[in-house]
Amino acid sequence: MTSSPPAPDPLDLTHGMADIEPGLRLHYVTAGTGPRTAVLLHGFPQTWREWRRVIPALVEAGFRVVAPDHRGAGDSWRPAGGYDKRTMASDIHRLLRDHLGTEGRVAVVGHDIGLMVAYAYAQAYRDEVSHLVTVDAPLPGTDVFDLVRTDPRVWHFAFQGSPGARDLAELLVAGRERPYLQAFFNARSADPAAIPQEDFDAYVSAYSAPGAMRAGFELYRAFDQDAADNRAALERNGKLTVPVLAVGGMTSTTGEVIAEMMREVATDVTALRVPGTAHWVPEENPAALGDALTRFLAEN
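My numbering numbers the first residue of the sequence shown as 1 and each following residue consecutively.
Calculated directly from the structure, the hints in this document are not laboratory data. Note that this is a predicted model, so its numbers are computed, not measured. By construction, the Cβ of each residue, glycine as well, lies at the ideal position given by its N, Cα and C atoms. Treat each hint with caution, since some may be false.
[Claimed, not checked] With a straight-line Cα cutoff of 25 Å, these simulated SDA-like cross-link-like pairs (lysine to any residue) come out: (1) 239 with 124; (2) 239 with 93; (3) 239 with 292.
[Stated by the list, open to error] What follows is a list of derived Cβ distance ranges for each label pair: (4) 147 with 186: 22 to 28 Å; (5) 192 with 172: 18 to 24 Å; (6) 147 with 19: 39 to 45 Å; (7) 126 with 176: 41 to 47 Å; (8) 147 with 171: 28 to 34 Å; (9) 182 with 149: 22 to 28 Å; (10) 238 with 196: 41 to 47 Å; (11) 158 with 130: 34 to 40 Å.
Just need the whole structure built from these sequences, with the hints factored in.
In structure tokens:
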């Protein structure tokens with residue numbers, strides 16, 4: 001029996017691997033050929049795929065889109081360390097400048113953990129960023145983060161992030177990645193059906209790979225270092241002055257405070273709450289987010 005050829009990818013994506021440093025290669029996808037570049041940074045427990053239904057709007061608006069799997073996630077390699085967000089921002093910078101040869105300023109968009117990496121990028125490379133979009137997550141080093149991390153709804157910060165739980169957390173989840181991730185998504189969704197089954201299956205496969213869940217948990221174990229790094233950067237450099245779009249889910253834990261949070265670290269902040277969403281904004285309402293991104297990036 002012969003198999004049918006794979007269907008063409010309607011997004012016309014190009015996949016690649018970039019050598020970042022010894023022991024680390026990053027997987028990424030690109031789309032579009034526009035003169036401006038938008039970098040989309042995903043969260044946990046996701047991969048670049050969370051942006052699949054947002055990418056077309058940006059390509060249509062004339063952007064070249066770069067959506068990497070950050071270190072430890074998806075098809076990127078999983079080193080033992082380097083999960084503080086300043087180091088991860090450096091990974092993205094090397095991908096863009098050294099591997100892809102990206103010139104000019106870039107728009108940086110981050111959701112969840114990607115928000116933290118996006119902020120670290122904007123602080124470290126202030127003259128190379130045109131816009132920053134932060135989507136539904138608390139930022140270590142802010143008062144809002146300290147408040148949110150005490151909320152019982154973010155119990156996973158402690159479970160996944162405690163250095164004392166290293167090995168134990170991984171042991172408890174090993175072999176149970178599918179039900180763990182299903183519960184993780186459902187608890188933070190306005191509509192559990194919003195994430196397509198094929199994407200959820202891809203996330204389960206990615207985080208069931210050897211070392212993948214440990215890498216994911218290391219993102220949380222670095223929060224204290226991230227907080228110290230962010231406070232030091234703010235003290236050293238001052239608040240960001242680039243336009244910032246602070247996006248919150250309508251029913252998420254951080255939705256109503258994300259703009260307040262970003263005003264702690266930036267001077268030009270526009271607030272947006274996306275209808276029909278909780279935490280997984282790019283997947284729960286990609287049309288509204290894509291429209292908001294294109295308008296924000298065009299008007300500022």
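Evaluated hints:
1. For the suggested pair residue 239 and residue 124, the alpha carbons sit about 12 Å apart, so the restraint of at most 25 Å is met.
2. Under the criterion of a C-alpha separation no larger than 25 Å, the hint pairing residue 239 with residue 93 is consistent with the structure, at around 20 Å.
3. Distance hint between residue 239 and residue 292 is fulfilled; the C-alpha atoms sit about 24 Å from each other, no more than 25 Å.
4. Judged by the Cβ atoms, the range 22 to 28 Å given for residue 147 and residue 186 holds: they are separated by roughly 24 Å.
5. Separated by about 23 Å at the C-beta atoms, residue 192 and residue 172 satisfy the suggested range of 18 to 24 Å.
6. One distance hint, 39 to 45 Å for the beta-carbon pair residue 147 and residue 19, holds here, with the actual separation near 40 Å.
7. The given range of 41 to 47 Å is respected by residue 126 and residue 176, whose C-beta atoms sit roughly 43 Å from each other.
8. A hinted range of 28 to 34 Å for the beta carbons of residue 147 and residue 171 is consistent with their spacing of about 31 Å.
9. For residue 182 and residue 149, the Cβ-Cβ distance of about 24 Å falls inside the hinted range of 22 to 28 Å, so the restraint holds.
10. Remark: the range hint 41 to 47 Å for residue 238 to residue 196 is upheld by a beta-carbon distance near 42 Å.
11. Between residue 158 and residue 130 the CB atoms are about 37 Å apart, so this pair conforms to the stated range of 34 to 40 Å.
Going through the hint list in order, the structure satisfies each hint without exception.
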